[in-house]
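Protein chains: 2
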Amino acid sequence: MSIDAKFQRLATDNAPGQELRQSADGLAAQMIGGPLEGRPVDFSHGDVDAHPPTPGSFDLFSAGYEMGGAQAYTEYRGDIGIREMIAPRLARFTGAPVDAKDGLIITPGTQGALFLALAATVTRGDKVAIVQPDYFANRKLVEFLEAEMIPVQMDYLGTKTGAGLDLGELEAALKAGAKVFLFSNPNNPAGVVYSADEITQIAALATQYGATVIVDQLYSRLRYVGADYTHLRAGAIDPEKVVTIMGPSKTESLSGYRLGVAFGAASVIARMEKLQAIVSLRAPGYSQAVLRSWFDEAPGWMEDRIAQHQAIRDDLLAVFAGCEGVLVRSPQAGSYLFPHLPKLRIAPGDFVKLLRLQAGVSVTPGTEFSPHAAQSIRLNFSQDRSAALAAVRRITAMVDRYRA
Amino acid sequence: MSIDAKFQRLATDNAPGQELRQSADGLAAQMIGGPLEGRPVDFSHGDVDAHPPTPGSFDLFSAGYEMGGAQAYTEYRGDIGIREMIAPRLARFTGAPVDAKDGLIITPGTQGALFLALAATVTRGDKVAIVQPDYFANRKLVEFLEAEMIPVQMDYLGTKTGAGLDLGELEAALKAGAKVFLFSNPNNPAGVVYSADEITQIAALATQYGATVIVDQLYSRLRYVGADYTHLRAGAIDPEKVVTIMGPSKTESLSGYRLGVAFGAASVIARMEKLQAIVSLRAPGYSQAVLRSWFDEAPGWMEDRIAQHQAIRDDLLAVFAGCEGVLVRSPQAGSYLFPHLPKLRIAPGDFVKLLRLQAGVSVTPGTEFSPHAAQSIRLNFSQDRSAALAAVRRITAMVDRYRA
Chain A
89 MSIDAKFQRL ATDNAPGQEL RQSADGLAAQ MIGGPLEGRP VDFSHGDVDA HPPTPGSFDL
149 FSAGYEMGGA QAYTEYRGDI GIREMIAPRL ARFTGAPVDA KDGLIITPGT QGALFLALAA
209 TVTRGDKVAI VQPDYFANRK LVEFLEAEMI PVQMDYLGTK TGAGLDLGEL EAALKAGAKV
269 FLFSNPNNPA GVVYSADEIT QIAALATQYG ATVIVDQLYS RLRYVGADYT HLRAGAIDPE
329 KVVTIMGPSK TESLSGYRLG VAFGAASVIA RMEKLQAIVS LRAPGYSQAV LRSWFDEAPG
389 WMEDRIAQHQ AIRDDLLAVF AGCEGVLVRS PQAGSYLFPH LPKLRIAPGD FVKLLRLQAG
449 VSVTPGTEFS PHAAQSIRLN FSQDRSAALA AVRRITAMVD RYRA
Chain B
89 MSIDAKFQRL ATDNAPGQEL RQSADGLAAQ MIGGPLEGRP VDFSHGDVDA HPPTPGSFDL
149 FSAGYEMGGA QAYTEYRGDI GIREMIAPRL ARFTGAPVDA KDGLIITPGT QGALFLALAA
209 TVTRGDKVAI VQPDYFANRK LVEFLEAEMI PVQMDYLGTK TGAGLDLGEL EAALKAGAKV
269 FLFSNPNNPA GVVYSADEIT QIAALATQYG ATVIVDQLYS RLRYVGADYT HLRAGAIDPE
329 KVVTIMGPSK TESLSGYRLG VAFGAASVIA RMEKLQAIVS LRAPGYSQAV LRSWFDEAPG
389 WMEDRIAQHQ AIRDDLLAVF AGCEGVLVRS PQAGSYLFPH LPKLRIAPGD FVKLLRLQAG
449 VSVTPGTEFS PHAAQSIRLN FSQDRSAALA AVRRITAMVD RYRA
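Each protein sequence line maps, in turn, to chains A and B. Its first residue numbered 89, the first sequence is counted upward by one per residue in the working numbering. Its first residue numbered 89, the second sequence is counted upward by one per residue in the working numbering.
Treat each hint with caution, since some may be false.
One copy or two, it doesn't matter: identical chains are merged, so the pair holds either way.
[What the hints assert, rightly or not] No farther apart than 25 angstroms at their CA atoms in a straight line, the calculated lysine to any residue pairs in the SDA-like style are these:
| # | residue 1 | residue 2 |
| --- | --- | --- |
| 1 | Lys-94 | Pro-327 |
| 2 | Lys-263 | Gly-388 |
| 3 | Lys-94 | Ala-358 |
| 4 | Lys-267 | Pro-176 |
| 5 | Lys-215 | His-139 |
| 6 | Lys-267 | Thr-211 |
| 7 | Lys-215 | Gly-410 |
| 8 | Lys-215 | Phe-146 |
| 9 | Lys-189 | Leu-115 |
| 10 | Lys-215 | Glu-231 |
| 11 | Lys-189 | Gln-396 |
| 12 | Lys-215 | Asp-403 |
| 13 | Lys-215 | Ser-90 |
| 14 | Lys-267 | Arg-177 |
| 15 | Lys-431 | Thr-249 |
| 16 | Lys-189 | Gln-96 |
| 17 | Lys-189 | Ala-99 |
| 18 | Lys-267 | Gly-157 |
| 19 | Lys-94 | Ile-238 |
| 20 | Lys-267 | Gly-213 |
| 21 | Lys-248 | Leu-445 |
| 22 | Lys-267 | Glu-172 |
| 23 | Lys-263 | Ile-91 |
| 24 | Lys-263 | Arg-489 |
| 25 | Lys-215 | Ala-116 |
| 26 | Lys-94 | Gln-289 |
| 27 | Lys-215 | Pro-128 |
| 28 | Lys-267 | Arg-212 |
In case anyone wonders, no lab produced these hints; they're calculated from the structure.
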């Protein structure tokens, strides 16, 4: 593949946070009505001013800076003292051992961990099973590596218990030779959580076909009342065939420090470090120090954060419920809503642009997550509660305006 | 290529900073004499405690943190306000315009910039001209991309003016189809600076053969008395065919923040951002704020830093000059020495390990930089002056002990 062709497939024009690089040319002709006033809300990512970083994070960074060279220049896979500190906490959380020395790497964000894990397990021509919808970068990583994506559908609006993964399609993908299955749990963008039964069957299928599973559990701490969560790595699966990815960028609002971790299969972690050595050397040294408080937050802090998000979720769901033709599932975890809109008079991509221009509301088009999700939009509702509520009212007003 | 084969070629066992993962098994039998006492010195990277970060860097980080979400979530290519602040400074330094909007990207370290620049210009099967010796990751990046390296020799110990690049070999590589020429100036590991004539000829050859040039100028601010420096991008070359890479990790000791920049060819920068979006999203948001002081340090600060390094350089060169059979060129810029050792009774790799075990001195084996440089070792002399002097005395004592 030529490098031109390769990069044309990696378009980021609609990626979350890149909206300011878009042009609004030609949209005026389609516009109905005037502006909808209100405080602008950027649902493309969480608002760390409304939900600030874990208390004490800056002091830990500051102490890391004071430590000097020892904190600035760590092993490529991250400072061993910090790895030894967080490994038992990750083991406790996920229900299976974590080897601080050989089974854990600190990366520049969860995005870094995803790239490294996939590049350490997949090469040109390999087949990779990817859920639709799922995190927008998964597909692009497969394309960058010139591997072949086999999509596996998830009926996230369905009424089945669990996430709604089509396990038959997953088996067909593995039978067709998929070496790796990559999925997020809770699912980004739909906020659904895989049931114990789904996770058990994923483990059984991966074992049967010898596949490696990379599971992005970025949002697995932000779980709402009644959500049961099953950690794949704690189940009946070869630990050398599972890589689990997490990070403190979302629930803990530490994104500005660029931190993520991957843990599990030592052979994969070793490759990830080799690759990290040539793509970014290491996660920012001083930032690594911030991980010292991870999974050790003050009592009640996480419960409060969850309660705040659950309240916002419920507010927004109530507004969408009052808008005819909008279908949305209540997320069991994470801070994403993925409403499916009724048919509109304009193309979904134009509606997303007009939402920003007319209503001051940025959302991410569903097509970033699945080619079959053009009628959906993704909202990260980790926002100021009243601003988010008003913004979603503007979204539904816009739906009514542009309804077909 | 299988993924196993691919990663076997990416070995990092001898990469700078990874020494603590090495095993010392089997070395005892070769050991001559006892330990050489002294304060351990790690020449594999600079000592940011001896040469601390630019004054005020932490306050800028702190202000970035206080700014909150706007600083945590920037465009993938970095905060536009910061890009607009540093673009004119980079333009002034390099002698050619820098477009803040489309021609500049902030990356997680200079390593991040190198990876992105190469991955944005080279794909599988492409030919890439690489200098020998040069930065250890250059070759590995080519291997990761499954491209083909064409080595171009540099006679860095020679007596020619300039770096000693074999321009005939460079032309042969371009004639053979090399799409990209990647080199560091000042050279890492040898500290040599390319002459105006060499840079002019590189520009002419690249133009003639339509190649893109990626020039890693990481150390181009740390220049010693009498060193003339020519910026490739200021010369007679299509600006869309040059990407210049810099960063504040070395001279400015800001490595712990993980910051680098690439600037020049807008088409390449655009691709680099697309790729950054899926490998690490962005350079750490709060860290980006530290760039506000870059190229705007207090008057005299840079001159002092250069003078301190020049003094260390001269101390160490004097010790090596007194050791029979050691050949070393005085670096004109940067903080690397790359002495060529006399023939020893043990393998060069074992000597490097014994240096660490017996003498408490970590250096990087020459083979990381060129297959033809097994007899050389690299030292980053950005260290405490007296500790470095004592450590180099231990190196020469070890050379005498193991001399063939």
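Hint by hint, here is what the structure shows:
{"no.": "1", "hint": "Lys-94 to Pro-327", "result": "between (34 angstroms within a copy, 23 angstroms between copies)"}
{"no.": "2", "hint": "Lys-263 to Gly-388", "result": "neither (46 angstroms within a copy, 67 angstroms between copies)"}
{"no.": "3", "hint": "Lys-94 to Ala-358", "result": "between (28 angstroms within a copy, 13 angstroms between copies)"}
{"no.": "4", "hint": "Lys-267 to Pro-176", "result": "neither (29 angstroms within a copy, 48 angstroms between copies)"}
{"no.": "5", "hint": "Lys-215 to His-139", "result": "neither (39 angstroms within a copy, 49 angstroms between copies)"}
{"no.": "6", "hint": "Lys-267 to Thr-211", "result": "both (10 angstroms within a copy, 23 angstroms between copies)"}
{"no.": "7", "hint": "Lys-215 to Gly-410", "result": "neither (43 angstroms within a copy, 60 angstroms between copies)"}
{"no.": "8", "hint": "Lys-215 to Phe-146", "result": "neither (42 angstroms within a copy, 46 angstroms between copies)"}
{"no.": "9", "hint": "Lys-189 to Leu-115", "result": "between (55 angstroms within a copy, 23 angstroms between copies)"}
{"no.": "10", "hint": "Lys-215 to Glu-231", "result": "both (11 angstroms within a copy, 21 angstroms between copies)"}
{"no.": "11", "hint": "Lys-189 to Gln-396", "result": "neither (37 angstroms within a copy, 38 angstroms between copies)"}
{"no.": "12", "hint": "Lys-215 to Asp-403", "result": "neither (41 angstroms within a copy, 57 angstroms between copies)"}
{"no.": "13", "hint": "Lys-215 to Ser-90", "result": "both (20 angstroms within a copy, 13 angstroms between copies)"}
{"no.": "14", "hint": "Lys-267 to Arg-177", "result": "neither (30 angstroms within a copy, 48 angstroms between copies)"}
{"no.": "15", "hint": "Lys-431 to Thr-249", "result": "neither (27 angstroms within a copy, 71 angstroms between copies)"}
{"no.": "16", "hint": "Lys-189 to Gln-96", "result": "between (40 angstroms within a copy, 20 angstroms between copies)"}
{"no.": "17", "hint": "Lys-189 to Ala-99", "result": "between (37 angstroms within a copy, 18 angstroms between copies)"}
{"no.": "18", "hint": "Lys-267 to Gly-157", "result": "neither (40 angstroms within a copy, 38 angstroms between copies)"}
{"no.": "19", "hint": "Lys-94 to Ile-238", "result": "both (18 angstroms within a copy, 23 angstroms between copies)"}
{"no.": "20", "hint": "Lys-267 to Gly-213", "result": "both (11 angstroms within a copy, 24 angstroms between copies)"}
{"no.": "21", "hint": "Lys-248 to Leu-445", "result": "neither (38 angstroms within a copy, 62 angstroms between copies)"}
{"no.": "22", "hint": "Lys-267 to Glu-172", "result": "neither (31 angstroms within a copy, 45 angstroms between copies)"}
{"no.": "23", "hint": "Lys-263 to Ile-91", "result": "between (31 angstroms within a copy, 20 angstroms between copies)"}
{"no.": "24", "hint": "Lys-263 to Arg-489", "result": "neither (47 angstroms within a copy, 61 angstroms between copies)"}
{"no.": "25", "hint": "Lys-215 to Ala-116", "result": "neither (43 angstroms within a copy, 47 angstroms between copies)"}
{"no.": "26", "hint": "Lys-94 to Gln-289", "result": "neither (35 angstroms within a copy, 32 angstroms between copies)"}
{"no.": "27", "hint": "Lys-215 to Pro-128", "result": "neither (42 angstroms within a copy, 49 angstroms between copies)"}
{"no.": "28", "hint": "Lys-267 to Arg-212", "result": "both (12 angstroms within a copy, 21 angstroms between copies)"}
Taken one by one, the earlier hints fail for this structure at numbers 2, 4, 5, 7, 8, 11, 12, 14, 15, 18, 21, 22, 24, 25, 26, 27, listed in ascending order.
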